[in-house]
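Taken in sequence, the protein lines are chains A and B. In this text, residue positions in the first sequence follow my numbering: the first is 7, and each later residue adds one. In this text, residue positions in the second sequence follow my numbering: the first is 7, and each later residue adds one.
Treat the hints as calculated values from the structure; they're not laboratory data. Among the hints, a few may not be true.
Each pair may be met inside one copy or between any two copies, as identical chains are not told apart.
BS3-like mimics (lysine-lysine), calculated; alpha carbons at most 27 Å apart, straight line [as the list claims (entries may be wrong)]:
1) Lys65 to Lys128
2) Lys8 to Lys128
3) Lys20 to Lys65
Number of protein chains: 2
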Amino acid sequence: MKALLLVAHGSRRKQSNEEVNLLAEKLAQVCSTQYGIVNAAFLELDEVLIPDGIRLCAKQGATSIIVLPYFLNSGRHVVEDIPNEVNGCLAEYPNIEISIASHLGASPLMMELLISTANTVK
Amino acid sequence: MKALLLVAHGSRRKQSNEEVNLLAEKLAQVCSTQYGIVNAAFLELDEVLIPDGIRLCAKQGATSIIVLPYFLNSGRHVVEDIPNEVNGCLAEYPNIEISIASHLGASPLMMELLISTANTVK
Chain A
7 MKALLLVAHG
17 SRRKQSNEEV
27 NLLAEKLAQV
37 CSTQYGIVNA
47 AFLELDEVLI
57 PDGIRLCAKQ
67 GATSIIVLPY
77 FLNSGRHVVE
87 DIPNEVNGCL
97 AEYPNIEISI
107 ASHLGASPLM
117 MELLISTANT
127 VK
Chain B
7 MKALLLVAHG
17 SRRKQSNEEV
27 NLLAEKLAQV
37 CSTQYGIVNA
47 AFLELDEVLI
57 PDGIRLCAKQ
67 GATSIIVLPY
77 FLNSGRHVVE
87 DIPNEVNGCL
97 AEYPNIEISI
107 ASHLGASPLM
117 MELLISTANT
127 VK
């Protein structure tokens, strides 16, 4: 079963982390035919960190996990921190294929999203 | 003339800030009929901060500016820091209407962008 693990930075503001959890729930509904498991985890500042998220996906029966960084830029978190956290988990799950997707700013859909967000102002 | 000011957090990693500048350039090309001016600015960790970005839009002849937060979540930066920076500039530009758009995670297009980004993995 394919799993998607949405990984956000994490914020001291609980509401912000809750937004990410809600987004993962919505995502689970929308892409359930493709990804039987969808969870959220955080790089820091939350109780559910990346190793916890991977563990949960594994427990739920994941045979592959796509880690989806909920980050806009290829900053240090995307280039170093998330890969380091994920790599640290690989030995524990030799039978699960774990991959990391691109940061969101690399998407060709970003332009459309930016313009439509700007256009929602009055 | 309508202006769009893309505001990112800013990173110590120059390449990350450069990504945002390039995105603003692309955005300028794509939405030139709607926004005659498009610039990028940063909340911190770059030479071009929010007041600099607003000043540049004003110099270029903006009559209205939409500040577009390049942020995914409604964390402290979106809820407090960007509004504080923008509000601090209002008195200086009484003839320019300055508004702040939503954070990007609030867009209905985000779901599609997330799924397509996940699907680019092998």
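Which numbered hints does this structure break? Result: no hint breaks.
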